[in-house]
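Student: Protein chains in written order, with our numbering: chain W, 1 to 331; chain U, 1 to 331; chain H, 1 to 331; chain E, 1 to 93; chain D, 1 to 93; chain L, 1 to 93.
Treat the hints with care, as some may be off.
In the DSS-like style, the derived pairs of lysine-lysine whose C-alpha atoms are separated by at most 25 Å in a straight line are [said to hold, decoys possible]:
hint	chain 1	residue 1	chain 2	residue 2
1	H	Lys39	U	Lys208
2	U	Lys28	D	Lys18
3	H	Lys39	W	Lys39
4	W	Lys295	D	Lys32
5	L	Lys18	D	Lys32
Hints were generated in silico from the structure; no laboratory data involved.
The lines below spell out each chain.
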Amino acid sequence: MNTNLILQNVLSPPVLFFFLGTIAVFVKSDLEIPAPLPKLFSLYLLLAIGFKGGLELEQSGFGGQVVPTVGTAILMSLLIPFLCFIILRLKLDVFNSAAIAAAYGSISAVTFITAESFLESQSIHFDGFMVAALALMESPAIIVGLLLVKLSSNKQRPNAKKIRWRAILHEAMLNGSVYLLLGSLIIGFLTAAHNPASVQKMEPFTGKLFYGAECFFLLDMGIVAAQRLPSLKRAGSFLIGFAIAMPLLNATIGVLVAKALDLGPGNALLFVVMCASASYLAVPAAMRMTVPEAKSSYYISTALGLTFPFNIVVGIPLYMGMVNTLFIGAS
Amino acid sequence: MNTNLILQNVLSPPVLFFFLGTIAVFVKSDLEIPAPLPKLFSLYLLLAIGFKGGLELEQSGFGGQVVPTVGTAILMSLLIPFLCFIILRLKLDVFNSAAIAAAYGSISAVTFITAESFLESQSIHFDGFMVAALALMESPAIIVGLLLVKLSSNKQRPNAKKIRWRAILHEAMLNGSVYLLLGSLIIGFLTAAHNPASVQKMEPFTGKLFYGAECFFLLDMGIVAAQRLPSLKRAGSFLIGFAIAMPLLNATIGVLVAKALDLGPGNALLFVVMCASASYLAVPAAMRMTVPEAKSSYYISTALGLTFPFNIVVGIPLYMGMVNTLFIGAS
Amino acid sequence: MNTNLILQNVLSPPVLFFFLGTIAVFVKSDLEIPAPLPKLFSLYLLLAIGFKGGLELEQSGFGGQVVPTVGTAILMSLLIPFLCFIILRLKLDVFNSAAIAAAYGSISAVTFITAESFLESQSIHFDGFMVAALALMESPAIIVGLLLVKLSSNKQRPNAKKIRWRAILHEAMLNGSVYLLLGSLIIGFLTAAHNPASVQKMEPFTGKLFYGAECFFLLDMGIVAAQRLPSLKRAGSFLIGFAIAMPLLNATIGVLVAKALDLGPGNALLFVVMCASASYLAVPAAMRMTVPEAKSSYYISTALGLTFPFNIVVGIPLYMGMVNTLFIGAS
Amino acid sequence: MKRLDLIFSERELVEMLKLLESAEVPGYTVMKHATGRGPERIVYEDMELTGFGSNAHVIVFCEQELLQRIKDNIQPLLNYYGGVAYVSDASPL
Amino acid sequence: MKRLDLIFSERELVEMLKLLESAEVPGYTVMKHATGRGPERIVYEDMELTGFGSNAHVIVFCEQELLQRIKDNIQPLLNYYGGVAYVSDASPL
Amino acid sequence: MKRLDLIFSERELVEMLKLLESAEVPGYTVMKHATGRGPERIVYEDMELTGFGSNAHVIVFCEQELLQRIKDNIQPLLNYYGGVAYVSDASPL
Ligand SMILES: Nc1ncnc2c1ncn2[C@@H]1O[C@H](COP(=O)(O)O)[C@@H](O)[C@H]1O
Ligand SMILES: Nc1ncnc2c1ncn2[C@@H]1O[C@H](COP(=O)(O)O)[C@@H](O)[C@H]1O
Ligand SMILES: Nc1ncnc2c1ncn2[C@@H]1O[C@H](COP(=O)(O)O)[C@@H](O)[C@H]1O
Ligand code: NA
Ligand code: NA
Ligand code: NA
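So here's chain W without its partners, still in its complex pose (with noise of 0.2 Å):
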């Protein structure tokens, strides 16, 4: 049933593209989507997510679910980081674990869309708070990463850059991928409120429009992703291990998480998609303020080029059927 489930994820055309790109890497062919047009796909998305989250979170309100498992989402943000530090100080050094940590406290929003629209091609319901988890998740484990570098390397600092709290929860908070999808989100929000005639006018900009530009970023993103391969490499087959294991490992505790929440499978499988998949959109620059000693290619490879990809292909279609033999089994 899994085999099913992937197949039929490998043959939508979003991992299709992600396929397309990624090959043209590796028979070396010229293909290149240039500079800044990914920035256009990537602010897009985002943009189309948050206000269509927004609208929807003003249709089902803030009872029932919704406040637990955002504050559940956030929780796992903060503590997922810990747990990934423990496993990366295996091998690693203070400062790469603290950032590589944060990365998989973090999320992946390119990874939710592609999961969303999983489920749609499987006509399962979801909601549109759970945006709003997605958006709120982005920057805690940013702060985590930061208490970790604090706590474990005082002395390891011997010019001990002070660290600026200030800058870094400014950075953490209003980070342009943050504050873009937390604004639109609070936009289709006021705009479904007070100007429902201007939602439909928004419609074929950010809905009908949304899929193919999504197969259009993803195409990037394979290009990206096959291209960031060999420094991982570089960084060893304990980084290359982590990078498949911790999302499994996080997905599972995800998954038990969202049976204790009582969410629905839709619901379930965004919040382990959440769990499992790691940022490279708001904590590597966060990262590179807090802890300029992390190795960049390290945090931003592991994310970018093995569990951002291992995620869009096996792991959604996997973590669903973790779900639903979790949860049928169960019922």
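Starting from the known structure of chain W, fit chains U, H, E, D and L with the ligands onto it as the hints suggest.
Tutor: Same frame as chain W, now just chains U, H, E, D and L with the ligands:
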């Protein structure tokens, strides 16, 4: 009632995204829409309103109010600069006064677009030929700006830079924005007349997508406008006052003229908005060539940093209120 | 009748926007579509026609005319360069002749797209498998170009640059445009076969948007083509004549072959357009590598500055007229 | 040999290149989308949007002898619109 | 006169320009979207997408005397985040 | 120290960087999207669209001693495809 209109305007997606952009600058988020992506949206919007205007112009023909309205609009763009110049000369030298005066005589296409969206959200009818007025109001003020310099400054320009009329007329008439707007208008017209089947095929691009693209562009305009504010502050309180008071004055004149022309309320609003808005697309390039002595930060920042946001946020609904009062009071 | 077809073609939005671009250059407007925005549209168009072609190929299957047509198309792309080479050698050296011959053996995707739009506007049916022919006709001519150099120039290349077959085959087959077109075709095919629900979700992006995006891109192509004209003038009247006469000759051959293949009028036009058009996407990059002795301004400018506009404006309707005459005359 | 760095508004690029050609430079390289500040003006990135234009950075490698001719050609343009020109030593690798 | 070339991450651009201004440079030119490799890091083009930022290349033409002041101002920033600064001779055309 | 400026088609960028790495340069900076004219060719902006590629401008700051090794490595590439390489003096700030 005006407050209500303002509130409705402020809670529409375009204005909300504009706010999102400005706030990003004030809270120092690193959200940015890298060049040349804003240019993509600006070209697209010009192409789309031109094309749609052309379609409707073909439907309506050149009879009725078309010629008087367009003619008066051009007249306004010739007269307003004189008025502005007199006021500006109270504090500024000839060169800066002429350059700013030219900007306020010309128009802002994005303000016009936002006014159209406002009218649509209020279900108020307006005509396609207003776009023709828009296209034709962009350039004349540039010529007036140059005339003002020539008439007032002969002695102040010792190593008299010989005015190159040819070059400047060229710049004024064939500026990329003017050219694209007018060209798309003509193409829209020709298409509607000779190739009606194609109109339908353009609709998803020029029609359906428009509102969302407008929102995306206004997000960027919010960033740009907010970044301009500091240099406006440096320019002093006279210019800050001017950037708010002048649109109000021009709008008042515009309302009266619109009334005299007996325009419907939709066309009247668009007419007023053209009088009240200031150019930051066609005029700066021309002024740089014509009056290199003028400080570009003055004429770009007043138009872009203050008049534009003012019109977008409170101007449009305010002018609508004025139109409603005068037109309903009179009928 | 042909004049009528030409007029109808000239008054369609894509051609009108193409004119708008060329005129902008002639009147020295500063309208420009800054890089990499044209690349966005070019990638989009390749992705979209590839995907749509794949969908239709899945529907039609590989039976009937598919294999003979595609096979003959490839054959044409191998033979046409020989013909061109013989003619070009009258005036040019081996290197330039081979490079230009390769360009004319290959195809122009944008000309193909414009021909499709023309057929749609005339409500003439054509088949998705023609896109497969398009994708497969792009590269073979490159190999022939190289062969021509190798066969004719051994003595003329004293410090014989060893021909690196591997590198050139790689360049020919895995050029970004060819790769994206073929890849999207395969993805379209797989999606139609295994994931029909997704087809609907791609439609707004790959289908509805297409016509407008094509117009926008042709606006840029108009600018680019017109900018190329001066360097074509410098290349002399032989090449100018070649750039008009060769497409006509190739089209005539194409019409006869299409008739022999018994294609329907829609497919016949597309077949003819592929014969008559010249590549400026895949070939230049390959020729630079293979024949650095050839002047790039020759092979880019003939294909882009003259043959492309000629085909877009008068070629397509002219070839349609030829198809109509021959096919109706015979049946 | 010498290396000449010219920085000025991209709106004068076409004219500047014509002037360089008429001074018979052996070649040039153009990089657009530069921003900056000079004695009078600040050039922001958004000026490309407003049509005002950002800066172009042009590099010319040429013989010392050519410099005077180039200077005579381009000085009026730089004087009218602003822009800077600096010379350094350079030699082929 | 001197020509100063600064290459560093574009994320520090705003701060760097402030430091240059406070050293009272007569002007500067900024070119973004540079990539490269230094002793420690490789900067790829896709880093602009991930928010990590690619490099900025800043050129300052100024008098020799100013260099020490500039150095004092910007050294801490370059030390913390990386980046290089090189000086060459230059003279106005 | 020395400053090396390389200008050539961006299609050779990957190969060029490999050659520089194999000469063990301490670092490099790449700026793409340059256009220009050389003794033979004009490179227009639209060549990026046609896949022909515009130019890349690569800067290397390195010790004098390295220059010969770099030259030996990259000369064949520049000879086959065209492109220029110039050296100036430079010193760390
Ligand atoms: N001292 C300087 N160092 C580097 N670039 C400069 C300098 N002065 C001016 N520029 C550049 O030249 C452009 C035009 O200068 P200007 O017209 O004199 O304001 C500026 O926008 C800067 O990019
Ligand atoms: N030797 C060098 N030559 C040219 N550019 C360099 C050199 N070293 C460093 N860079 C540039 O400076 C940036 C930052 O360097 P770093 O932080 O030291 O890795 C690099 O990404 C390069 O673009
Ligand atoms: N004298 C020069 N000064 C500045 N740039 C040059 C010069 N000669 C050539 N170039 C650059 O090097 C590129 C390749 O030169 P080439 O292959 O010799 O035509 C050109 O497109 C220019 O950008
Ligand atoms: Na996570
Ligand atoms: Na006005
Ligand atoms: Na052909």
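Student: All hints, please: hold or fail.
Tutor: Do the hints match the structure? See the list:
Distance hint between Lys39(H) and Lys208(U) is fulfilled; the C-alpha atoms sit about 23 Å from each other, no more than 25 Å. Using a Cα cut-off of 25 Å, the hinted pair Lys28(U) and Lys18(D) holds, with the two alpha carbons roughly 15 Å apart. Distance check on the hinted pair: Lys39(H) and Lys39(W) sit about 14 Å apart at the alpha-carbon level, within 25 Å; holds. The straight-line distance between the Cα atoms of Lys295(W) and Lys32(D) is roughly 23 Å, inside the 25 Å bound, and the hint therefore holds.
This hinted pair checks out: Lys18(L) and Lys32(D) have alpha carbons roughly 23 Å apart, not beyond 25 Å.
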